[in-house]
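Colleague: In case you want the letters, here they are:
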Amino acid sequence: MSPFAEVQLVTARELRKSFRSVKGIVLAAVSLAGGAGVAMLFAWLDRVQRENMPAGLDVHDAQEQFFARWYGPNTGKRLADCPYSLWMMLIGTLWLAPLLVALLDFDAVSGELQHRSVRFWTVRVRRSSYMLGKYFGAWISVLVVTFGMNVIVWVATAAVGGLPVSTVLGWGVRFFAVSIPIGAAWCGIATLVGSQVKTPMLSLLFIFATFFGLWLLRVVAGFSQAEWLAYLYPNIYDDFLLSPRAADVAKGLLGTGLIAGLTVAAATAIFERRDV
Amino acid sequence: MDSHAIRVAGLTKRFGPKTAVDAVTLTVGTGSVYGLIGPNGAGKTTTFSMLAGYLRPTEGSVEVLGFAPTAVDALRSRLGVLPQDAILPASDRVGEFLFHMARLQDLPHAKALEAAHTALDDVDGRAWWDQRCGSLSHGMAKRVALAQAFLGQPELVLLDEPTAGLDPRVAWEMRQLIRAKKGSRGGRCTIVISSHNLQELEEICDGAAILDRGRLVASGSMAELTAANEEVRFLVAAGTRRGTDPGKVPLSPIRDLPTVASVDFDDEGLELVVSFKRQEADAETVIGQVLTILLQNRVRISGVTKGRGLEQRVMDLT
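Sequences listed follow chains A and B, in order. Take the first sequence: its position 107, counting from 1, is numbered 106 in numbering that gives the first Met the number 0, and each next residue is one higher. Take the second sequence: its position 93, counting from 1, is numbered 92 in numbering that gives the first Met the number 0, and each next residue is one higher.
Derived from the structure by calculation, the hints contain no laboratory data. The structure displayed is predicted, hence computed values, not measured ones. Even for Gly, the Cβ is constructed at its ideal location relative to N, Cα and C. It cannot be assumed that every hint is accurate.
[Claimed, not checked] If you want the ones that stay clear, here's a sample from chain A, every Cβ over 10 Å from chain B, calculated:
no., residue
1, Leu14
2, Ala35
3, Tyr70
4, Pro163
5, Leu215
[Claimed, not checked] Lysine-lysine pairs mimicking DSS-like chemistry, simulated, CA-CA at most 25 Å apart:
no., chain 1, residue 1, chain 2, residue 2
6, B, Lys305, B, Lys276
7, B, Lys110, A, Lys16
8, A, Lys197, A, Lys76
9, B, Lys17, A, Lys197
10, B, Lys247, B, Lys305
11, A, Lys250, A, Lys16
[Unchecked claim] Simulated restraints on C-beta separations:
no., chain 1, residue 1, chain 2, residue 2, range
12, B, Ala89, A, Asp57, 32 to 38 Å
13, B, Ser136, A, Gly161, 55 to 61 Å
14, B, Gly133, A, Ala158, 41 to 47 Å
15, B, Arg168, A, Ala208, 29 to 35 Å
16, A, Val29, B, Trp171, 49 to 55 Å
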């Protein structure tokens, strides 16, 4: 049996488990309901803002200036015409991603280590396939939930915001695509940290502590000479991934890919050597 | 085909300063049922866990069906394991869990489904297919775990305390199942059982290894371990003494039998122990000869056993 087939089977089971467990259903429901509420608010604000825009103000120029201050001139120019509510949703998704990742992934490995259920798998699948299956299971679960939230926002933006569907879908898919590699990086970190302990509650605490630590690193990096520290924080890569320049997008993909790849590789290497 | 399903050489496992298993060397023949015996802390489960690839040896080597236990791809459908304390995934349904395990053994969809149904039928659990693992009783869960161990007719099955916590009837059924499985694969299915239940092991196993404080203190066939092919024991009625008068145990005529090597009578235990020359007679012949003498002398006999019994042997060694 190829490792690919093993990973596929473990991932499929993980997805089934995620969306059937009480935790998974509650998380998905809360996320989707929250997303819907926020979406309606964003879309309504967007419309009100546009309707009450002072005469003579160029929305395009105003947005370009706003985004240029946030991301730099090139990206500012690119985002000048995007629906503001969809961008807000991207920011919301990026902030929510670590929380969602932590809550969905904290017991994926630690729970099976605690109850030694992992022993049913280690005689049948390579440990690397098991860990990769857990990782992909978590990543896809997070993507499904965030995609659901995004779809709600797209619908609300088109319906309440009064924007053309093609505009909403065009920008919506682009913004959602930005969250895919960033989600991959968060899942990699959660998989590495969560698989080191045998107690799910400790796993949850350690994952949150690590995520908070990475955010602190980003903050510290802003005030220190060691600016590179900021690149350990996955959400920093939205700057690159939103850029119109291919080289910047490649950098963003490389950064998030490196975080995801290295953390999953480390989790696998440790798991290969540990006693279960 | 290799005549040994398991080869262990100098196997050692240390947890920090504590040595749980110390230089254990043993082999398990293909097609046999082999027991891992010993008191708590003897190193049975640690040895078992190294055989199953759960734990990595600190020193020494383990070969399972000719491969390291971690060679999952080579052993995938050939090795089945019942871990002692692993809990079934609570949210999985029994059928879907067994089907998933069968798929991981590289069985195609239809065959995996069939294997899962067969395995569950074998443990008399057909009705549990749609039940969540988390809702099973201890005995039911144990049987489902046993079903996954025998899934797809593996060549080697490792069972850690397969009947622990089961009621006597279910435990008996499990022993019957293990016996039946022993004969599967044309009698070449090897089963290794780690257990506290010495009576059960003596009943099922062809051979065993006795561990104590991490060390191997004895190993061999069950007949060798219990000395079943070199001594017979007669338990006599209370109040019986040695002597030649009627009703007493006459030692001289028994000692004079050409097949007998030595005779001893335990006055307190009321047990007559007769060691015999196994190249000249088997246990059944000697039992017949000695019984004739005892009955002629009107000795009242309470029981006859071949050898010391595994329990006694383990008590002597550990």
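Colleague: Would you mind marking each hint as holding or not holding in the structure?
Modeller: Cross-check of the supplied hints:
A cut-off of 10 Å between C-beta atoms confirms that A/Leu14 is not in contact with chain B; the least separation is 12 Å. With a minimum CB-CB distance of about 27 Å to chain B, A/Ala35 clears the 10 Å threshold, and the non-interface call stands. For A/Tyr70, the shortest C-beta to C-beta distance to chain B comes to about 43 Å, beyond the 10 Å cut-off, and the non-interface label holds. Against chain B, the non-interface label of A/Pro163 holds: every CB pair exceeds 10 Å, the least being about 43 Å.
For A/Leu215, the condition that its CB be more than 10 Å from all CB atoms of chain B holds, with the nearest at approximately 34 Å. Between B/Lys305 and B/Lys276, the direct Cα distance comes to roughly 14 Å. Compliance with the 25 Å bound is thereby established for this hinted pair. A C-alpha spacing of about 23 Å is found between B/Lys110 and A/Lys16, which places the hinted pair at or below 25 Å, so the restraint holds. Among the hinted pairs, A/Lys197 with A/Lys76 is inconsistent with the structure: their alpha-carbon atoms are about 49 Å apart, more than 25 Å.
Restraint check for B/Lys17 and A/Lys197: satisfied, since their Cα atoms lie roughly 21 Å apart, inside the 25 Å limit. Distance restraint check for B/Lys247 and B/Lys305: the Cα-Cα separation of roughly 22 Å lies within the 25 Å cut-off, and the hinted pair is therefore satisfied. Distance check on the hinted pair: A/Lys250 and A/Lys16 sit about 34 Å apart at the alpha-carbon level, beyond 25 Å; violated. Between B/Ala89 and A/Asp57, the C-beta spacing of about 59 Å breaks the proposed range 32 to 38 Å.
For B/Ser136 and A/Gly161, the Cβ-Cβ distance of about 60 Å falls inside the hinted range of 55 to 61 Å, so the restraint holds. Restraint check, B/Gly133 to A/Ala158: a C-beta distance of roughly 42 Å satisfies the suggested window 41 to 47 Å. Checked against the given bound of 29 to 35 Å, the beta carbons of B/Arg168 and A/Ala208, roughly 51 Å apart, lie outside it. A beta carbon spacing of about 50 Å between A/Val29 and B/Trp171 agrees with the range 49 to 55 Å that was offered as a hint.
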